[in-house]
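> Residue strings, one per chain:
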Amino acid sequence: MSLPSYRDQSASVRERFERLKAREVLLEVKALGKNFGETVALKDINFRTHRREFLCIVGPSGCGKSTLVRILAGLEQQSAGQVLLEGAPVRGPGRDRGMVFQGYTLFPWLTVKKNVMFGLVSQAGRTEAEREALQWLQLIGLEKFADAYPHQLSGGMKQRVAIARALANQPRILLMDEPFGALDAQTRARMQAHLLEIWRKIDITIIFITHDLDEAIFLADRILVLKPHPGEVQELIEVPVPRPRGMSQILSDEFLATKARLEELIYSSPHDGAEEEDYPAMTRLTAVGDDVE
Amino acid sequence: MISRRTLTFLSFLLPLLAWCAVSYVPALWHPQMLIEDPGSVDYFQTGMRVALATFDDELAQAKAESRAEPTGWPANPIYLPAPDEVVRAFYSAFTTKPETRDGVWLHQSLWHSIQVIFWGFTISSIFGVPLGILCGTSRLVAGLSEPFIEFFRYLPAPAFGALAVAILGIYDGPKIAIIVIGTFFQQVLIIANTTRKLDFALVEAAQTLGTRGFRLLTRVVIPGILPDLYRDQRILLGWAWTYLIVAELIGTTTGITWFITQQARYQHFPNVFAAIFIIGIIGVGTDQVLAMLGRRLFPWDRVTERTA
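Listed in order, the protein sequences are those of chains Y and A. Anchor point for the first sequence: position 46 equals 46 in our numbering, and the numbering is continuous, going up by one each time. Anchor point for the second sequence: position 215 equals 508 in our numbering, and the numbering is continuous, going up by one each time.
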């Protein structure tokens, strides 16, 4: 079976990308570099995201994708280059960039509602903040849990609240660092669909880090592939899978072609070979003659 | 599987049984005789305790010389009263009149001790808790204060007794000072450590939500460490109690220590035991009440939930 090229786009997909690129540039990363002492973690990263774009960043472990998103969030300082949000350089963390972390970072001493209100109370009044928080909880379908504490929620629910908490601040961009990494496969699939639903409904641009290629293809408009040592942009892929996305598309030609290309980029990259761990030869521990293969 | 409650009960019952055995089974220890009737032995008196060997010698001699024989029961030394005597002392210690005219009753002594502890611990906490939190959050504050505190905490608090008396007089001042010195330095280091253990991702999350500067401290760090801080304070309060007896010996002896030394002087050993046990009961009692209060205050804290 031969797959079409991942560069082949159907007319509707091409038209969608044209519309996307016509929108204003929201975030621009220019010649970004990051060193940790002698180690070069990121080198000469350049890309742009347009308003309401869903951009995924993938790459093998150690390629610096988490460092990149932490710099975008302002939690870490770059060694070189610039991050521009709507033309203005980013300095330090701020309300205009929301973030959802891989670990659960809900404040355990606050109820779900008060977690969502956390960024709001300093801006709006208390009653206004409460009203808005309840609206966000409705959007993610957890209004029934408004008065529950985080430890009473499942992992998936916690991340939904974390998304609502970040969005309640009405940031320009939502940064997500492997937010579904700790969830089981089924919850993860539901969360992906849920996230796309939220993204469709509100004016938000998303940068989403993952190492799960299926997740990246399912969610993204474009996928930024990084290669490690040092972290550099290898390719920016326009995902040819049409929207709205559904689980059935996972076996479509466009999906498989994109995945094949991503695997080619990530797993066969020569840079990765050096990082391969040595696995020791196994000692045989069973009797001769009971082979399983 | 034995329940925790049963184990707690047993952990108190076992030493109590050992004590009962030593007190009520003559064969186990009882190195002395409590004289009932001195007989013909001129230096024996009713109620006197003599060594078993002495008694046996005198008895043999009286028998040999056909004099009136002394009688008595095997007994433990006076410093080890039987459990029932101590139990009775729990009541009688409160009703025993002070031996001296200016003496105070047991409940007054206890109240005095509790006040000394309270002020010592409060003064220590007013300075120790904020400094500990600052040490845990600021590299500068930690670098400036922790090395000196590390050194100072090895200086035994009672060593400052004479100095404290010279500066603060002989009444409660030096006693409170000793408890402050004994508690404060440990407090700063322990709370600094607790603060450092806060998940830093929570601080980062708050930063991305637009919180910065001092508000990070009040909205994230302090609420985040509060249950652990509360647990630390409970442990430190226990330590403060251990400094109490030494502190109360400094200057004029007061409080429960005064009661204990006074009762020991008049050989009311059941009262001495009762007073010591009362300290333990107050200590454990306060801790249990505080633990219960903690579960109320921090319903979201998973550690307290587990121990609930």
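Heads up, a few of these hints could be off.
[As the list claims (entries may be wrong)] According to the in silico footprint, chain A covers these stretches of chain Y (three or more CB under 8 Å from chain A):
| hint | stretch |
| --- | --- |
| 1 | 3-10 |
| 2 | 90-100 |
| 3 | 163-172 |
| 4 | 235-243 |
Everything labelled a hint here was simulated from the structure, so no lab data went into it. Backbone N, C-alpha and C fix where the C-beta goes; we use that ideal spot for every residue, glycine too.
> All hints are to be evaluated individually against the structure, with a verdict given for each.
Results of checking the hints against the structure:
{"no.": "1", "hint": "3-10", "in the structure": "violated (count 0)"}
{"no.": "2", "hint": "90-100", "in the structure": "holds (count 7)"}
{"no.": "3", "hint": "163-172", "in the structure": "holds (count 3)"}
{"no.": "4", "hint": "235-243", "in the structure": "violated (count 0)"}
When held up to the earlier numbered hints, the structure conflicts with 1, 4 and fits the remainder.
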